[in-house]
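Number of protein chains: 2
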Amino acid sequence: MPDSSLSGGEMALVAVILVISLAALVFAGYLVRAVTAADQGTEKMREIARAIQEGAAAYLRRQFRTLAVFAVIVFVVLLILPVADGGWGTRIGRALFFLVGGTFSALVGFIGMTLATRGNVRMAAAARGGGYQPAFRIAYRTGGVCGMITVGLGLFGAALALLLFDETAPVVLEGFGFGGALLAMFMRVGGGIFTKAADVGADLVGKVEAGIPEDDPRNAATIADNVGDNVGDCAGMAADLFESYAVTLVAALILGQVFFGSVGMVFPLVVAAVGVIASVVGILATRPGARDTTGLAPINRGFFVSAVVSLLLVAVASFTLLPGVGDVEDLPVSPQVLGFVAVLIGVVLAAAIQQLTGYFTETSRKPVKDVGRSSLTGPATVILSGISLGLESAVYAALLIGGAVYGAFLIGGGAALYAVALAGCGLLTTAGVIVSMDTFGPVSDNAQGIAEMSGDIDEAGAQVLTDLDAVGNTTKAITKGIAIATAVLAATALFGSYNAQVLVALEEAGTSLGDAFSLVNPNNVVGAVLGAAVVFLFSGLAISAVSRAAGRVVFEVREQFRRHPGIMTFTERPDYGAVVDICTKDSLRELATPGLLAVLAPVAVGFGLGIGPLAAYLVGAIAAGTLMAVFLANSGGAWDNAKKMVEDGAYGGKGSEAHAATVIGDTVGDPFKDTAGPAINPLIKVMNLVALLIAPAVVGLSVGEDADTGLRLGIALAAVAIVVVAVVVSKRRSVVVGEMATSPDDAPLTASAP
Amino acid sequence: MPDSSLSGGEMALVAVILVISLAALVFAGYLVRAVTAADQGTEKMREIARAIQEGAAAYLRRQFRTLAVFAVIVFVVLLILPVADGGWGTRIGRALFFLVGGTFSALVGFIGMTLATRGNVRMAAAARGGGYQPAFRIAYRTGGVCGMITVGLGLFGAALALLLFDETAPVVLEGFGFGGALLAMFMRVGGGIFTKAADVGADLVGKVEAGIPEDDPRNAATIADNVGDNVGDCAGMAADLFESYAVTLVAALILGQVFFGSVGMVFPLVVAAVGVIASVVGILATRPGARDTTGLAPINRGFFVSAVVSLLLVAVASFTLLPGVGDVEDLPVSPQVLGFVAVLIGVVLAAAIQQLTGYFTETSRKPVKDVGRSSLTGPATVILSGISLGLESAVYAALLIGGAVYGAFLIGGGAALYAVALAGCGLLTTAGVIVSMDTFGPVSDNAQGIAEMSGDIDEAGAQVLTDLDAVGNTTKAITKGIAIATAVLAATALFGSYNAQVLVALEEAGTSLGDAFSLVNPNNVVGAVLGAAVVFLFSGLAISAVSRAAGRVVFEVREQFRRHPGIMTFTERPDYGAVVDICTKDSLRELATPGLLAVLAPVAVGFGLGIGPLAAYLVGAIAAGTLMAVFLANSGGAWDNAKKMVEDGAYGGKGSEAHAATVIGDTVGDPFKDTAGPAINPLIKVMNLVALLIAPAVVGLSVGEDADTGLRLGIALAAVAIVVVAVVVSKRRSVVVGEMATSPDDAPLTASAP
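Protein chains in written order, with my numbering: chain A, 50 to 803; chain B, 50 to 803.
This is chain A alone, in the form it adopts within the complex (with noise of 0.2 Å):
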């Protein structure tokens, strides 16, 4: 390995990384004051709002103390568990980084969520009287705060370990890395189930049975359904993003220093601080201009805006930092080219994803068109051409992703995991806007919503928020497709970096790798199918947990109907507050038994089966996780974008039998892209990371003199055991919400209706 001690330039270089990472941060409160000096509408639409901000607030709130009992286990478990490479300084610091990771991650979630529930009502108000402008640069702004925040604590965390660590700061950044991965999962998990628990269960027996339109104010789980919105697209979203980028930093920073020494860990630093600069210049490019014909145009001007200005410092960077000549064998350029060229595929990336996402989801194009005309014949073709469609489209973003690796492979050589990670780099350069891009979704869905329930909003008003939540709907897809991208690449660096610990590992036992990692070894064959078993698993008990706590809401909700016939007749207000708290109680007791899996399945495989399944077994999660992910997030969102195409005057329009069946195909995406796909990206990292920090106590007592095979098939037989137990559990308690409408007092309202 290199010399990889910063040298006192490059530490220099470090402190003015931090410096700009405090500068976004800077930024982020000058764009909270944007939007919160904004007009806050009337009285109604704040009274409504505050509602909202009350339920989201209070979900999280209750979401961290839950997670703050499992984050003090897993940091006892973490200071147990050895470092390849390290003593217990070492060890410290990755415990305690691990816990600032989960808090970045959940304040990142914390604060744009925060900064949403206020630019929502200001967005609304905004709209009044035909406001497109200023209801769009609300909206944008508000995602702008997220964003700034998601990369300037990510930058934040990773430059001052690097200060403080100097060259063990990978080790300690594992736990960063960790922590944002594991908090990003819960809140992506728990935040889908009670976003789409809310959203399913409002539409089942709001639009389905008693026939009111959505976001009708007598539905009593319209409040939850917006407060949704918020703990799940954009909280959930903005952990995920900071965890993508904290963990993409992390792989860089692992592989440059055993590529290239101390500033293989400086350069990727050095992206990440141009993404930050181009991210203030993209958020600022980005505004409605005469010209433009839809309010995409903008947004997608900033996206590009900020992908060219980083292109350009990142080139800059790479001729003067990277050396001319590496002495890494095999490669096949310069460093300075590696490293650009590796930027400048993910940078390539981002954008063919976005256009390929856009092509799958937007109701202007065929595939959209096509699943939307086959509602002509039903639910059931609706179903199938969507699914079709989801599947067909995971392989091209699969082609996609695939190409970049393996494009990062050919020019890296030697060091092609490098490459590969800094290609995760270059996708994430542009994080800030993409951030932005995304939370635009949920705050004019929001919007919509509040002016919806409040009435006060003119016919203009109305149709400016029409437009614009759609837009915010193809932002959301577009904004997913780039989130699996991103962890495809970080999970593959982070493959890498496993390899890495075990190769150190072994050597520090006095032995070698072998052909364990062999693929053709029938237990890797195993392992491989049980990493995409997991992944099948973990989707399957997401959309069902969807279903369990989406029965419970209708369950609710029909009661209330039925005890305060009030209701109906707006004479009587409905108790929100109840199904925000059946949401908030189901959705933090649902995410346990996938979470679980998600931490545990590796440790068993890895205890169990050993490094070579192990790996395997990541390699499985990877290939099928992608290749979910994106059949999930495309699905949902062309089902939801049809629905919209009949909502629109396609085919019969509202009320038509083909409305009614792209209502059943949204209501079936649901889940599919809110809910288990989104969840799959953190899931996959959470379980390279966790392969990774398991590795040398895996090696340690397989070979060598602390070698204990009890104590190994203990630990694999309990990890086993717990999941098997949670999934037993959750078994139990599927209260499925047709058992619950066989009791002669709870048939649905249409069938009891006379």
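Some hints could be false.
For identical chains, the list gives no copy identity; a pair is met inside one copy or between any two copies.
[As the list claims (entries may be wrong)] Distance condition first, Cα-Cα at most 30 Å in a straight line; then the derived DSBU-like pairs of lysine-lysine: (1) 634 x 418; (2) 93 x 256; (3) 703 x 693; (4) 256 x 418; (5) 256 x 703.
Because the hints were derived from the structure by calculation, they are not lab data.
Got chain A sorted already, so can you dock chain B onto it with the hints?
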């Protein structure tokens, strides 16, 4: 490699095995006579049966004509492709045995289907007056014919190759396996598209639009629907299991030769011969007894009798034939124990999969009940619960299959792959019984259809047929689970053979493998992602092919209703042949794209990216394929039975909202369980065989004196280009149902009704 020329005694033993294989065919002939001797029912029944027979035979004839062209091309390619370790004799033998394998596969499908289209009407006739026992016997014996031909021809081919080619038999048998697998894949895909296009089309226009029951003679698609049951479930499944049988034997022979020389080749044949005997016993033992409460009891009894007989005989064979001490390194048990325990693992796996699939798809168990209950909240929850059930059940199946492979790995030690192949042989010792069980499904389904359409059935007889149809649904689901297990074991073993081929080829080229097969190379990660991607793309293509073809069926049936109003009032006879014709043409056209993808994707990966990524590609395909196949099969099976549950009176019974919701679930499940899902079995084997066949050529063009990068990449690009063109062409065809319906003179029936 140990000496692998057959000794005189071994030659004699193989000759005996050849005789046993012929005896299996004779026993099939005996069963044929027993079936055809039965009464053919009323004139009306015969007439309907004749229409089905003609449609089915016409389809297969056209299919074989189309495939013959393809077979000739592959034959030529096989002559050109180099053989790793043999001369022109071996090459010609391999190409000829490719034709033999293909022909046998076609023959199994053709004979099985021909008899099924004879057995169906006789079963319907036998059921009249409540003839439970005779109806059962005819259905099961019809299946028995199929089963005995499958094992007879498979064993005959393998034994013949061994007698003729001695130690070069394994290479020759690669051709045999490939021919069988390729034909089976096309029959699975083509038959699957045919059957579900007819079924979905008939349901959409009949049940949903016109409101007439299933199998109503006024529906022009009914005959096509019944033809489809035969060409899909019967011919396709028989060819598929034949192919599994052949491929498993091939893999066992290749690996047996590597590890144990000639006896390693003879032993798998002995296991298969034992399976023939066990199957005869099992088929004869399957007769409904007085104490059987369901039709499933005697069928399960037959299976278990056959499994026990197999195990006893295999125990004898292991301890007489195999050596007590092997000279393979790292063998944890003696070859005798290895042989017996590996086969035992396979037999146990078959029984376990049977129980597991039963649990997830039987009407009386919790999972299907949950899906049924979710029908109370509408189609969306039915779809969601079915999908999460499928995803989860796939994981348990993967755990069982993975456990079996891992078990074989543990006892196999240095010869682990041989143990995996033997476990595959063990799984297939009951193949004769399994095929009988499976064919039971379409025969009883058809019998019910014929009885319904002819109207010549009394109430008691109708009840018998309904009961046996439900039994058939379950046996069909169970055999699908076993089929995928055999596919995974065969693929894992084949994958080992791929490794062996690569090593031989590298040695000839004077180089070594290095870390080309290492899991952690990024290019290998890309390979794994591509392997999983092909499974997703293949599934998506198959599902959308069904949607397209079903659209055309709907169009035709609507057209007939409109032009001939007398059909609705029974005064005009619909043109059944027209729909059969559409299904035939469309399914043959639609099978090209997925078929080309399966054959050419590994060619593109192998020649384009190299032997490492190709190996990873196979692992990715096995991992994702296992899970996807079980997911699709079990979701579909559960929806089918949830519908049956409601039709039997639950939640409002036929005509209720709950029923409508489950019909939608069933329609979505149709292409899942009968087109895409089952076609994944032959898919993963075809891809493994292609990899095996091209391995020497890929190595030859990559290293050594014949290396030619231009030619190598040229072949890859050509393969990619053909697949891309095929996909684009199939997209162009996507005249989806709705599109046709938007023209004014083809609105859906419901919309045009006053």
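(request) Hints the structure violates: just list their numbers, smallest first. (result) none
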